[in-house]
Amino acid sequence: MGGFPILSLMLLVPLVGAVACLLLEAQAARTVALLATLVDFALGVLLWVNFDIGGAQWQFTERHAIFSSFSYALGIDGIALVLIMLSVFLMPVCIGASWHSITKRVGEYMAAFLLMETLMIGVFAAQDLYLFYIFFEAGLIPMYLIIGIWGGDNRIYASYKFFLYTLLGSVVMLIAMLWMANQAGTTDIPTLMAYDFDPHVQTWLWLAFFASFAVKMPMYPVHTWLPDAHVQAPTAGSIILAGVLLKMGGYGFIRFSLPMFPEASAQFAPLIFALSMLAVVITSLIALVQHDMKKLIAYSSVAHMAIVTLGLFAFNVQGLEGSMIVMLSHGLVSGALFLCVGVIYDRLHTREISRYGGLSINMPRYALFFLLFTMASIGLPGTSGFVGEFLSLAGIYQVSSWVALVGTTGIILGAAYMLYLYRRVAFGEQKNADAAAMPDLDLREYLMMIPLGLAVLWMGVYPESFLAPMRQDIAALDARLARAKPAGDAKVTVGKPAAHSEAAAEGAH
Amino acid sequence: MDFAHSLRLIAPEETLSVAALILLLVSAWSGDKAARLISILSVAVLVGCMFLVAPALCSGAAGPDVTAFGGQYRADAFASFAKLLIYGAAAASLMVTPAFFARFGAMRAEYPILVLLASLGMGMMASAGDLLTLYIGLELNSLASYVLAAFLRPDGRSAESGLKYFVLGALASGILLFGVSLTYGFTGTTSFEGIATALSGGLSHGALFGIVFVLAGLAFKISAVPFHMWTPDVYEGAPTPVTTFFATASKASALALTMRVALEAFGPQAHAWQQIVVFAALASIVVGALGAIGQTNIKRLMAYSSINNVGFVLIGLAIATPQGAAAMLTYLVIYVAMSLGGFVAILMLRDGQGEPVEAISDLSGLSRTRPWLALALAMIMFSLAGIPPLFGFWGKFVVFQAAVQAGFVPLAAIGIAASVIGAFYYIKIVKVMYFDEPVDVVRGQSDWAHQVLLAAMAVFMSPLGYLLTKWLDGLATAAANVLFLHA
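The listed protein sequences derive, respectively, from chains B and Y. So the first sequence is residues 4 to 512, counted in my numbering. So the second sequence is residues 351 to 837, counted in my numbering.
Rather than coming from a laboratory, the hints here were simulated on the basis of the structure. It is possible that some hints are incorrect.
As the list claims (entries may be wrong) - Across the chosen pairs, the derived CB separations fall in these ranges: (1) B:Pro-367 with Y:Pro-721: 42 to 48 Å; (2) B:Leu-450 with Y:Gly-704: 35 to 41 Å; (3) Y:Ala-709 with B:Phe-430: 28 to 34 Å; (4) Y:Arg-793 with B:His-103: 30 to 36 Å; (5) Y:Phe-559 with B:Asn-185: 43 to 49 Å; (6) B:Ala-436 with Y:Ala-805: 54 to 60 Å; (7) Y:Gly-398 with B:Ala-59: 42 to 48 Å; (8) B:Gly-385 with Y:Ala-805: 54 to 60 Å; (9) Y:Leu-817 with B:Gly-155: 55 to 61 Å; (10) Y:Pro-721 with B:Asn-435: 57 to 63 Å; (11) Y:Glu-543 with B:Ala-59: 56 to 62 Å; (12) Y:Ala-805 with B:Ser-468: 46 to 52 Å; (13) B:Ala-471 with Y:Ala-404: 44 to 50 Å.
To be verified - Straight-line Cα separation of at most 25 Å, SDA-like style, residue types lysine to any residue; simulated pairs: (14) Y:Lys-820 with B:Thr-64; (15) Y:Lys-820 with B:Lys-164; (16) B:Lys-164 with Y:Thr-646; (17) B:Lys-298 with B:Ala-187; (18) Y:Lys-778 with B:His-103; (19) Y:Lys-778 with Y:Asp-823; (20) B:Lys-164 with Y:Phe-774; (21) Y:Lys-778 with B:Ile-152; (22) B:Lys-107 with B:Tyr-163; (23) Y:Lys-778 with Y:Asp-701; (24) Y:Lys-820 with B:Lys-107; (25) Y:Lys-383 with Y:Asp-797; (26) B:Lys-107 with Y:Glu-787; (27) Y:Lys-820 with B:Ser-71; (28) B:Lys-107 with Y:Trp-722; (29) B:Lys-434 with B:Ile-453; (30) Y:Lys-778 with Y:Thr-646; (31) B:Lys-164 with Y:Asp-701; (32) B:Lys-164 with B:Val-175; (33) Y:Lys-820 with B:Asp-191.
Unchecked claim - Computed far set for chain Y versus chain B, every beta-carbon distance over 10 Å: (34) Val-628; (35) Ala-763; (36) Ala-773; (37) Gly-794; (38) Ala-799; (39) Leu-822.
Please read all numbers here as calculations on a predicted model, not as lab measurements. Beta carbons: idealized from backbone N, C-alpha and C, even for Gly.
Model the full structure from these sequences, guided by the hints.
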C-alpha cells in the first residue's frame, strides 16, 4: 500500500458522512449513511487483503507530530485489524436495522452512528496513548445521545448511568496514562508495550486501567449499566454496543494491561478469575429468569465477556487466541441476536417474551436464522462460538482446573437460557393472534441476516482466516508475559520410580 | 531606567486611559445617541491595545528591560498573555452588548467607557510588580464593575446584584489591604521582588498572616471556595453581557494577579500557601459541581460552573511549578473561550417577545426548534465537562499533566474524580435540549454579532482546536517562565 494513509481515510469517510447527514433530509441521510459505511467496509476489506501476515508487527503506520504532548499516530497489528474488520462489518448492518424503525430526527441519528464508527476505528488504530484516550472517551457523546434520544421509556436514566459510569472509570485511567507518559518519556503505545514499569507501581497503574476497562467490558459487579443501556437503546444501538463497544474493554486489556503491566496482571489474575467466575454463574442465572428479550441477551453478554477475561488472564496462547475469537464471535452473534429481537420488535413493538410464541409457524425463515444465532451463542461446534469458548477454556484449564470448571458451567447455563428463550419465542402454540399474523423476513432483513450468518459459520468452520493475522502478535504478547506466568495447578510431573528402585537395590549391597 | 522608557512601556494603559477620557467627553456632548458609535470605537481601541501588547509575548519579554517606574509595573510576556486575553474578552463582551440593551432602551454611552476603564484596571493587575499597583488596578477594575453590575437600572435584580457585589467586594478589598499591610510590615517593602527576597530568608508569623490574608482577598476576586458565595447572585442578577464580561475578562485578570502574587512575591515560601490552594482547589471543584446540580436558572448554573473551573485552574497553582503556571494559562484561554461561547448562546436565547430566556426548563427540545444553537450549546457543555474530543478536555489535560509531572498524583486523582460530578449537570443541559419534548419558548431572532462569535467559539472548541495546541503551549510556557525568573 506504500504510504497511502488508508487508516486516516477510514476515519475520514464516516466523519464526512456524519457532517453531511446533519444537513440532509431523512431519506438522503439514510442513503448517505449506508454508502459511507459500505465504503468504509470496502476500505476495511482492502486493509485486510493488504495486511502482510507475518510481516512487520505494526503496519499502515502514520505519524504526524501536529499536537503538543502527543502525536497523531495510527497503525494496526493483527489484533487491531480483526477488531476494525468487526466494526466496519457491523456498521452497514446497524444502518440497515434502523432503516425503517427510526423515523424521527433521522439525520442526527445517522450522524451519531457515523461519528461512532470513526471513533471506534480510531480506538483500535491509535498508536499514541492520548490519542487512544481521546477516541476511547469521545465515544461517550454519540452513545449518550443515541440512548437518550432514540431509546425506550427509561432512556434518560439509562443514558445517565452509561455516561457517568464509563466517565468515572476512564478519568482514573487518564491519571495513570499521564503518570506513565511522564515516567517513560513517551506516549508511543508500541514503545510503552515494551517498557518495564516498576512492579510496585504497576499495581496502581493496573488498577487505574482496570477501573476503566472493567466498566467498559463490563465485568461483574460494575456491569449494571449494560442491561439498562441495552434495553433502552434502539436495535442498532444495541448491536453496536454489544458488537464493538464492549470489545474496547477487552482490547484495552490485551493492548495495555497485559503487555504494559505483566507482573501486576499476574498478581491480579485471581481477582479477575473470581469476578469472572461470579459473572459467569450469576449473570447466566439472571438471564434465565428474564422476561425481556433484550435484557436476557444483555446479561448473556456479560457472561460471555467473563469468558473473555478468563482467557486473557490465562497467560498462554490458547487463552489469548480464544479470547480474541470469543470477542469477534460475540460481536457477530450478539449483534445478530439483537437484530433478531429488533426484527420482531419492529412488527409487534414489545420485547416481552410471553407476547410471542410459535413464530416458527408463521415466520419459518426468521426462526431458522434465530436458531443459527442461538446455537452460535451456546457454542455449538461448527459455529464461531464453539471455537472461541473452547480455546479460552482450554487456556484457562492449564492454569486452574477449578476456574475452568466454573467457567464451563457458563456454557451449560448458556444453553439453558438460550434454548429456553428460543422455545418460548419460536416454538409452542401461537397464543397471540397479532404475533401469529406477523410476516416473515423481507429483503432488507435478509440482506442483514445472511452476511452475519455466513460470517458466523465461516469463523466456526475455518477460524484460521481470523487467527492467522493475530498469531504473531499473540505470540509476541505471550513471550512478553512469560516472565510473570503463574504456575498452573494441574501440572503433570514426571516421577522417578525406576531410579528409586535402583537406589534401593544398591543400598542393599 | 529613564522616564521616557517607562512611558513607552505603558503604552496600552495610556491608550486606554486617553481613549476612555475622550469617549467620555464625546458621550457627555452627544448623549446616548452616540452609544453605538462609542461601543464600536471602544472595541477598536481594545483591539488596538491587543496589537500593542502582542509583541512582548511573541518575543518572550522579561527582566529589567520591560520593568517600568522602578519595578512597579511589568510589561513582560506574562502580562502580555493576560492582557491579550482580557482585552479580547472585553472586546467580545462589548460586541454582544448593544443587542441586549436595545430591547430595554437602556443602552447608555457610559457602558463602553466603564468597560474600557475596567479593562484598564485589569491590565494593571496583570502587570503589577508592586502591591500598590496591584491595589490601584484592582480597585479601578472593581469600581467600574460594581457600576456595570447595576447597569440595568429598571431591573431590581440588577441593582441587587450591584449592591451585593459592592458590599462583598469592599469586604474582600479590606481583607486584601489588611494582608498587604501585614506583608509590608513584616517584609519592609511593597515590591514583589523585595518581598520575594525578604521571604527567601525565612517566614515570620506576621508574614504568614499577610500571605493568608492576601490570598483570601484574592480568592474572593476569583470566586474560589470558601469565598464564592457572591458569584451566583451577581452572575444571575447582572445583565447578561456584564456577566459575560465578569466571567471572562474579570476572571482572567484576577487569576493572572493571583498567579503573580503567589508565584512571584510569595514564590520562595510556596510550601506555606500550597496547602491553602490545594484546599481551595478541591473545595471549589466539589462545591461548584454540587451547587450546580439543583439550579434551574442557566446563568446561576454558569456561575457555579465558573467556581468549578476555578478549582481546576487552582490545581495548576497549587503545584507551583512553571509547567503548572503554563497549564493554568492554557486552561484560562480555553475557559474564557468556553464561557464566552456559553454566555453568547445564553444571550441568543430569547422568546417570541424578545425577552431573555433563563430557565433551564424552557430549553426543552431546543434541538428540534433551533438545531444549530442547541448543537453549539451542547458542544459548550460537553467541552466544559471536559469530554474529549472537544477542546475543553485539553485544559483539564494540561493541568492534570502538570500535577502528575510535579508528583501531585493524589491531588490529580481526586480532582479528576470530582470532575465526574460536574459532568452530571453539564449533561443535564444536553438532556433537556435533546431528550425532552419541545416547549418552543425560544423563538427570538438573534443578532449577527452573536452568531459570528458563537460560531467562532464553537469552531475553537471543536476538535480543530487541537491544531492550536503547539502554538498555545509555546506561548503559555513563555509567559509562565517569566514568573519563575527569580526562583
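Against the structure, the hints come out as follows:
Look at Pro-367 (chain B) against Pro-721 (chain Y): about 45 Å separates their beta carbons, and that is inside 42 to 48 Å. Roughly 52 Å separates the CB atoms of Leu-450 (chain B) and Gly-704 (chain Y), a value that falls outside the hinted 35 to 41 Å. Between Ala-709 (chain Y) and Phe-430 (chain B) the Cβ separation comes to about 55 Å, which falls outside the hinted range of 28 to 34 Å. Range check, Arg-793 (chain Y) to His-103 (chain B): about 33 Å between beta-carbon atoms, so the 30 to 36 Å window is met.
Between Phe-559 (chain Y) and Asn-185 (chain B) the C-beta distance comes to about 37 Å, which lies outside the given range of 43 to 49 Å. Taking 54 to 60 Å as the suggested C-beta distance range, the pair Ala-436 (chain B) and Ala-805 (chain Y) conforms, at roughly 56 Å. Between Gly-398 (chain Y) and Ala-59 (chain B) the C-beta distance comes to about 56 Å, which lies outside the given range of 42 to 48 Å. One distance hint, 54 to 60 Å for the beta-carbon pair Gly-385 (chain B) and Ala-805 (chain Y), holds here, with the actual separation near 57 Å.
In this structure the hint that Leu-817 (chain Y) and Gly-155 (chain B) lie 55 to 61 Å apart at CB is violated, the actual value being about 40 Å. With their beta carbons about 41 Å apart, Pro-721 (chain Y) and Asn-435 (chain B) fall outside the hinted range of 57 to 63 Å. Distance hint check: the CB atoms of Glu-543 (chain Y) and Ala-59 (chain B) are about 58 Å apart, consistent with the given range 56 to 62 Å. In this structure the supplied range 46 to 52 Å holds for Ala-805 (chain Y) paired with Ser-468 (chain B), their Cβ-Cβ distance being about 49 Å.
In this structure the hint that Ala-471 (chain B) and Ala-404 (chain Y) lie 44 to 50 Å apart at CB is violated, the actual value being about 59 Å. Restraint check: the Cα-Cα separation between Lys-820 (chain Y) and Thr-64 (chain B) comes to about 22 Å, which is no more than 25 Å; the hinted pair holds. Among the hinted pairs, Lys-820 (chain Y) with Lys-164 (chain B) is inconsistent with the structure: their alpha-carbon atoms are about 36 Å apart, more than 25 Å. The straight-line distance between the Cα atoms of Lys-164 (chain B) and Thr-646 (chain Y) is roughly 22 Å, inside the 25 Å bound, and the hint therefore holds.
A distance of roughly 43 Å separates the Cα atoms of Lys-298 (chain B) and Ala-187 (chain B); the hinted pair therefore is violated under the 25 Å criterion. At roughly 30 Å between alpha-carbon atoms, Lys-778 (chain Y) and His-103 (chain B) are farther apart than 25 Å, so this suggested pair is violated. The straight-line distance between the Cα atoms of Lys-778 (chain Y) and Asp-823 (chain Y) is roughly 32 Å, outside the 25 Å bound, and the hint therefore fails. This hinted pair checks out: Lys-164 (chain B) and Phe-774 (chain Y) have alpha carbons roughly 10 Å apart, not beyond 25 Å.
Distance hint between Lys-778 (chain Y) and Ile-152 (chain B) is fulfilled; the C-alpha atoms sit about 13 Å from each other, no more than 25 Å. This hinted pair checks out: Lys-107 (chain B) and Tyr-163 (chain B) have alpha carbons roughly 22 Å apart, not beyond 25 Å. For the given pair, Lys-778 (chain Y) sits about 21 Å from Asp-701 (chain Y) by alpha-carbon distance, which is consistent with the 25 Å threshold. Pair hint Lys-820 (chain Y) plus Lys-107 (chain B) does not hold up; C-alpha atoms about 42 Å apart against a cutoff of 25 Å.
Between Lys-383 (chain Y) and Asp-797 (chain Y) the CA atoms are separated by roughly 20 Å; this keeps the pair inside 25 Å, and the hint holds. For the suggested pair Lys-107 (chain B) and Glu-787 (chain Y), the alpha carbons sit about 12 Å apart, so the restraint of at most 25 Å is met. Our distance criterion of 25 Å between C-alpha atoms is met by Lys-820 (chain Y) and Ser-71 (chain B), whose separation comes to about 4 Å. Between Lys-107 (chain B) and Trp-722 (chain Y) the alpha-carbon distance is near 17 Å, which keeps this suggested pair within the 25 Å criterion.
At roughly 29 Å between alpha-carbon atoms, Lys-434 (chain B) and Ile-453 (chain B) are farther apart than 25 Å, so this suggested pair is violated. For a cut-off of 25 Å, the pair hint linking Lys-778 (chain Y) to Thr-646 (chain Y) stands: about 11 Å separates their Cα positions. Among the hinted pairs, Lys-164 (chain B) with Asp-701 (chain Y) is inconsistent with the structure: their alpha-carbon atoms are about 33 Å apart, more than 25 Å. Between Lys-164 (chain B) and Val-175 (chain B) the alpha-carbon distance is near 17 Å, which keeps this suggested pair within the 25 Å criterion.
With a CA separation close to 18 Å, the supplied pair Lys-820 (chain Y) and Asp-191 (chain B) stays within the 25 Å bound. Val-628 (chain Y), annotated as away from the interface, keeps every beta carbon of chain B farther than 10 Å; the closest lies near 16 Å. Taking the minimum C-beta to C-beta distance to chain B, about 5 Å, the non-interface status of Ala-763 (chain Y) is violated against the 10 Å cut. Not every CB of chain B is more than 10 Å from the CB of Ala-773 (chain Y) (nearest about 6 Å), against its label as outside the interface.
The Cβ of Gly-794 (chain Y) sits about 23 Å from the closest Cβ of chain B, beyond the 10 Å cut-off, so the non-interface label holds. Consistency note on Ala-799 (chain Y): stated as away from chain B, and its beta-carbon is indeed over 10 Å from all of that chain's, at 24 Å minimum. Not every CB of chain B lies more than 10 Å from the CB of Leu-822 (chain Y), the least distance being 7 Å, so the non-interface label is violated.
Hint check: violations occur at hints 2, 3, 5, 7, 9, 10, 13, 15, 17, 18, 19, 24, 29, 31, 35, 36, 39; the rest are consistent with the structure.
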